[in-house]
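Enquirer: Chain residues, written in single-letter form:
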Amino acid sequence: MTQTLLEIRDLHKRYGTVEVLKGVDCTMAQGEVISIIGSSGSGKTTMLRCINMLEEFQGGSIRIDGQEIGYETVGGVRKRKKENEIARQRAMTGMAFQQFNLFPHMTAAKNIMLGLMKVRGMGRDEARSVAEKWLDRVGLLSRIDHYPGQLSGGQQQRVAIARAIAMNPKLMLFDEVTSALDPELVNEVLQVIKGLAEDGMSMLLVTHEMRFAYEVSTRVIFMNQGRIGEEGNPKDMFVKPQTERLAEFLKSSSFN
Amino acid sequence: MGYTLNFAAVWRSFDLLLEGLALSLGLAFAAILAGCLIGLVTAFGLVSKNLFLSKSAGLYVTVIRNTPILVLVLFSYFALPQLGVRLGKIESFVLTLAIYSGAYLAEVFRGGLLSVPPGQREAGLAIGLTEMQIRTSIILPLMLRNVLPSLSSTMISLFKDTSLAAAIAVPELTFEARKINVETFRVIETWIVASCLYVATCSVLAALMRAVERRLTVPR
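Chains as they are written, first to last, in our numbering: chain A, 1 to 256; chain B, 1001 to 1220.
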């Protein structure tokens, strides 16, 4: 019996009066690779961002390794946890962004070392050697002292993934990490993610790369209008979708 | 127009002008240093989601920026003592210029803060940094690089504003020049020399700031 890593219960999220998540439930076991697909505005990125509290949410709960994320209920009143506690919880997950978001004034090494030193409390030398290890892993050891502006988009994204993974998170969140890349650079990034999946890293991927989702996922979640429309193993999902919405979505996306 | 230029009288008092210039630089340095701190705190106030902070910061900037600096200088030197705040000439002027520069620098820094993409903060949050760590390690260094050109011109303006201290008899460059003018009657020569000293100093300041800019530029 594998251990439960992530447990989302009845997640509700509103922007003002617009409800973008209308009660999402999801349980994820250690080592699973789940792709979240769906048309834009379906709430997939928002759901991902709730898991590391980049977005507030108004109802429901998220647990990682049994720990309640972001909020606590004291005497029947739901309260946001203290900022330091939330920062500590955020470090349990790693995130890679669509726009990479590398720190432009720091070299590849420094980008990775910042969190290791400030959050994990490592010394400079230890942090540097961890940075070397992960840059080697994503094939960019030779670029260790390059600034983000000196790297291609694909290379920047690989550094950004290394920066997140180096923190040794329990769960990796990928938010459309190939959407901002030129087509010929997509594959190098997907290869890195695939390698991590093979190592048993638990991952949640919001993606538009249907072929990749099909190949790498243990499970696929189809989001539709703020709810989970359908979920299952990739073979069933892509080959014989149960709902009409998913069938339509797959037809309109590039998967074939 | 029988005026013949004769700089001899001005040269005899040149060391007075240099002493004045040294004081001008001292006034500017102290005031801008304090102004940068005030401006930084105010800028974070201006962009804060906390309504009280943003409104009070906004009020400070509006009031100070819409009052002529000479009025502020005269107010703090002549009016404040009536209210029980007694400061020396130099202290009074430095305080005034600090508060004045704080308001201008706050606007400069605010622009710089807004120019840092929100993704930078999110990336910092995602690796578990606290808001304070994000500010010091990510936002401030990026903001500083963005504002250097306008920071440079604001600082030069503020340096030139030290000449207003002459109005309350602080013996800085303009005050000394006026004294020499009155004593020697070499009107044109005195003010030409004083102007040259201002221009030379400002050019050096601008060159220093450009050097800092080059030093901080990230390779791409």
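Note that these hints are calculated values from the structure, not bench results.
Bear in mind the structure is a predicted one, so any value in this text is a computation, not a measurement.
Among the clues, some could well be false.
To be verified - Now the stretches of chain A that chain B is said to cover, found in silico as 3 or more residues with beta-carbon under 8 Å:
| hint | segment |
| --- | --- |
| 1 | 89-95 |
| 2 | 99-107 |
| 3 | 111-119 |
Every residue gets a Cβ at the ideal spot worked out from N, C-alpha and C, and that includes glycine.
Enquirer: Within the segment 111-119 of chain A, is the number of residues with a Cβ closer than 8 Å to a Cβ of chain B three or more?
Expert: holds (count 4)
Enquirer: The segment 89-95 of chain A covered by chain B? Criterion: 3 or more residues, Cβ-Cβ distance below 8 Å.
Expert: Three-residue rule met by the segment 89-95 of chain A, so holds; n is 5.
Enquirer: With a Cβ-Cβ cutoff of 8 Å, does the segment 99-107 of chain A contain at least three residues near chain B?
Expert: holds (count 6)
Hint check: no violations occur; every hint is consistent with the structure.
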